[in-house]
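First to last, the sequence lines map onto chains A and B.
Letter by letter, the first sequence follows residues 1 to 355 of UniProt numbering.
Letter by letter, the second sequence follows residues 1 to 355 of UniProt numbering.
Please keep in mind that the hints were generated in silico from the structure rather than gathered at the bench.
No experiment lies behind these values; they were computed from the predicted model shown.
Backbone N, C-alpha and C fix where the C-beta goes; we use that ideal spot for every residue, glycine too.
The reader is advised that the hints may include incorrect statements.
[Said to hold, decoys possible] The calculated SDA-like cross-link candidates involving lysine to any residue, where the alpha carbons are at most 20 Å apart (straight line), are: (1) B:Lys2 <-> A:Lys319; (2) A:Lys250 <-> A:Val268; (3) B:Lys2 <-> A:Gly29; (4) A:Lys18 <-> B:His14; (5) B:Lys109 <-> A:Gln222; (6) B:Lys355 <-> B:Thr338; (7) A:Lys2 <-> A:Lys313; (8) A:Lys106 <-> B:Gly209; (9) A:Lys109 <-> A:Tyr127; (10) A:Lys313 <-> B:Gly29; (11) A:Lys319 <-> B:Ser41.
[Claimed, not checked] Using C-beta positions, here's what the derived DEER-type ranges look like: (12) A:Ser60 <-> B:Lys56: 42 to 52 Å; (13) B:Glu286 <-> A:Ala180: 51 to 61 Å; (14) A:Lys250 <-> B:Glu43: 27 to 37 Å; (15) B:Glu301 <-> A:Lys214: 27 to 37 Å; (16) A:Gly89 <-> B:Gly64: 32 to 42 Å; (17) B:Pro62 <-> A:Gly89: 38 to 48 Å; (18) B:Lys210 <-> A:Asp137: 32 to 42 Å; (19) B:Asp88 <-> A:Lys313: 55 to 65 Å.
Number of protein chains: 2
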Amino acid sequence: MKHNFGAGPGILPHEVLKQAAAAVIDFNGTGLSLLEISHRSSEFEAVLDEAVSLVKELFSVPEGYSVLFLQGGASTQFALAPYNLLPDGGKAAYLETGVWANKAIKEAKFFGDVEIVATSKESNFTYIPTNYTIPTDAAYFHITSNNTIYGTQLQHFPKSPVPVVCDMSSDIFSRTVNVADFGLIYAGAQKNMGPAGVTLVIVKDDLLGKTGRKIPAMFNYQVQIEGGSMYNTPPCFAIYVSMLTLKWLKAKGGVPAIEAENNEKAKVLYEEIDRNPLFKAVAAVEDRSRMNVCFVSENPEHEKPFLKLCDEKGIVGLKGHRSVGGFRASIYNALPITSVYVLIDAMREFAEKNK
Amino acid sequence: MKHNFGAGPGILPHEVLKQAAAAVIDFNGTGLSLLEISHRSSEFEAVLDEAVSLVKELFSVPEGYSVLFLQGGASTQFALAPYNLLPDGGKAAYLETGVWANKAIKEAKFFGDVEIVATSKESNFTYIPTNYTIPTDAAYFHITSNNTIYGTQLQHFPKSPVPVVCDMSSDIFSRTVNVADFGLIYAGAQKNMGPAGVTLVIVKDDLLGKTGRKIPAMFNYQVQIEGGSMYNTPPCFAIYVSMLTLKWLKAKGGVPAIEAENNEKAKVLYEEIDRNPLFKAVAAVEDRSRMNVCFVSENPEHEKPFLKLCDEKGIVGLKGHRSVGGFRASIYNALPITSVYVLIDAMREFAEKNK
């Protein structure tokens with residue numbers, strides 16, 4: 001048995017994987033694989049409809065928003081958000097909280113001016129900046145809700161005079177969110193929602209069509225809305241697995257239930273890090289992520305032997321990102337708290353051996 | 001047992017589906033699903049490397065070309081081809097052979113001028129135009145090698161004074177192609193190469209960087225080449241299934257072997273259509289597709305009962321596209337000739353009953 005702490009593509013529920021594997025052989029008794037049926041078949045249309053319904057239900061998406069399943073990951077949305085929302089000659093505001101925010105900023109500059117309202121770059125993004133002013137003449141304000149690499153997370157979303165655009169790739173469906181507070185939410189599926197290869201977009205309809213810019217079909221949210229995420233052949237399998245994962249989440253009690261579990265997982269793990277003399281958390285206490293728990297060894301020579309011990313215990317994916325070092329325990333929705341306890345036991349055993 | 005004549009996402013080899021399903025549960029003995037391992041893991045990098053190698057080997061891709069696995073389907077390439085190859089204020093030439101060519105033309109117009117060198121629109125695209133002149137001042141000449149909806153196919157590729165860009169979505173790896181004759185080849189995977197959700201791009205490196213246009217990262221072939229198709233998280237599962245399908249093709253003897261099989265499948269089916277008094281082929285004889293065999297009933301009232309008979313025999317996906325009507329037998333690489341014989345038998349039985 002493996003305990004998958006990988007940062008993404010990350011752990012998925014075992015029952016979802018079993019159903020997905022079965023559908024690869026025979027989808028719903030059709031005698032055909034899910035991989036070889038038409039996306040226009042009633043069977044697949046039902047999958048997409050259910051995926052959209054589950055997003056709306058689990059996230060209480062209000063009227064006036066559209067839910068899309070697109071391709072290309074959050075990196076594509078870094079460009080599509082300004083392509084669709086930032087008028088020529090206009091300005092967008094960004095909060096720089098890490099590499100992903102930085103890449104989003106880079107792409108926005110192709111379409112207009114960017115004002116970085118605050119950054120924590122000088123401390124290698126170990127905290128989320130506060131006390132900034134969002135310009136009222138910006139087309140939107142862009143934030144990254146969770147920063148996988150540094151283990152920071154916005155605990156509260158800022159009040160904003162302009163529409164908020166949020167990259168939720170690494171904490172979508174892990175905590176309750178008031179969708180009405182956002183103009184655009186996007187997320188690559190491969191952390192909490194499904195496998196790599198599909199991107200969720202939730203967009204407020206009345207923000208669209210205001211840039212004065214002509215947008216090629218595949219990059220145009222309006223075209224994708226009109227096509228019901230099927231302007232062209234969608235990534236059927238990735239949507240199916242996402243639907244199964246959302247269904248699993250609903251059966252668990254939805255977002256509030258998983259949020260309570262996630263809080264508990266994070267709490268016990270940070271407690272151990274704070275208690276254990278051999279380890280130290282990376283992020284500012286008030287900004288600690290409940291998805292990616294980044295920590296380092298007080299003694300750098302402990303790093304390799306600890307990873308070796310983890311490996312022996314079936315703990316995988318714990319190595320930290322190269323720009324931070326140390327360890328990163330990604331504790332996404334599908335990771336059971338029992339796996340967190342296995343990690344905590346390993347940390348205690350290691351401390352015992354090395355005291 | 002089903003006989004899958006669907007136009008796409010289309011039939012995949014049974015052994016590929018079995019391996020894909022197994023990998024969804026446990027990938028290569030890692031104890032983890034392929035869906036929940038890092039794209040940066042050595043295990044997945046080996047998959048991507050093998051997929052690229054197989055493309056190069058099966059298609060004899062010469063030096064100076066890059067092979068990419070991207071997202072967004074051919075519809076995204078309709079925009080990315082001109083984005084990357086058509087200079088601002090420049091011109092591109094297009095051959096209009098159907099709806100897909102038409103969509104490609106529409107997207108190109110966002111980036112420059114388009115000259116349609118010839119069209120068969122007036123006959124609802126039942127043939128491939130000839131006797132046209134490719135302007136020597138065009139940045140490239142765009143063609144669609146096979147037209148799924150109308151059942152037409154370019155039997156020979158035109159000689160061109162400018163680089164040829166080819167949408168090979170529906171016949172890639174079904175026939176031998178001299179890659180050196182092309183500047184850019186792209187193809188959605190979901191007909192002959194794999195499942196929906198990944199797009200193959202083969203691009204001649206020295207054509208890039210000449211538009212004078214700044215291109216966002218995800219839309220920039222050069223960035224994707226430098227990132228080895230991993231500028232961001234790729235669609236891992238779709239790439240894996242494509243790799244397995246390419247491996248299956250190699251084991252069968254590669255493209256020349258499958259081309260011989262495809263020719264035979266098309267030959268026996270067209271022979272039956274031509275012989276059978278109840279059916280009539282749609283496309284001009286010299287342009288008949290070896291991938292999508294489109295035919296209609298001489299008597300429109302025969303349509304429904306014939307589809308019913310097919311259904312009873314496990315023949316699926318035979319209904320023609322709404323813009324052509326009748327029937328479309330897609331006989332992609334993975335469809336065994338035995339399935340074609342089952343269809344032929346059904347046609348004979350139906351003719352016998354209705355004479």
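**Item:** Beta-carbon spacing of Lys210 of chain B to Asp137 of chain A - inside the hinted bounds 32 to 42 Å or not
**Value:** holds, 37 Å
**Message:** What's the verdict on Lys313 of chain A and Gly29 of chain B, does the C-alpha distance respect the 20 Å limit or exceed it?
**Reply:** holds, 16 Å
**Message:** Tell me if the beta carbons of Glu301 of chain B and Lys214 of chain A are separated by a distance inside 27 to 37 Å.
**Reply:** violated, 46 Å
**Prompt:** Does the Cβ-Cβ separation between Ser60 of chain A and Lys56 of chain B fall within 42 to 52 Å?
**Reply:** Since the Cβ atoms of Ser60 of chain A and Lys56 of chain B sit about 49 Å apart, the hinted range of 42 to 52 Å holds.
**Asked** Is the Cα-Cα distance between Lys106 of chain A and Gly209 of chain B 20 Å or less?
**Response** Within the cut-off at roughly 19 Å; holds.
**Request:** Take a look at whether the Cβ-Cβ distance between Lys250 of chain A and Glu43 of chain B falls inside 27 to 37 Å.
**Result:** holds, 32 Å
**Asked** Within 20 Å, alpha carbon to alpha carbon, are Lys109 of chain A and Tyr127 of chain A?
**Response** Given pair Lys109 of chain A, Tyr127 of chain A is violated - Cα atoms ~25 Å apart, limit 20 Å.
**Item:** 20 Å Cα cutoff - pair Lys250 of chain A, Val268 of chain A
**Value:** violated, 25 Å
**Prompt:** Does 32 to 42 Å hold as the CB distance between Gly89 of chain A and Gly64 of chain B, or does it fail?
**Reply:** holds, 40 Å
**Request:** Sort out whether Gly29 of chain A lies within 20 Å of Lys2 of chain B, counting only the CA atoms.
**Result:** Holds, at roughly 11 Å.
**Request:** Given the hint that Lys18 of chain A pairs with His14 of chain B, test it: the Cα-Cα distance must not exceed 20 Å.
**Result:** Within the cut-off at roughly 19 Å; holds.
**Request:** Note whether the CB distance of Glu286 of chain B and Ala180 of chain A lies within 51 to 61 Å or breaks it.
**Result:** holds, 60 Å
Checked against the numbered hints given earlier, this structure breaks hints 1, 2, 6, 9, 15; the rest are met.
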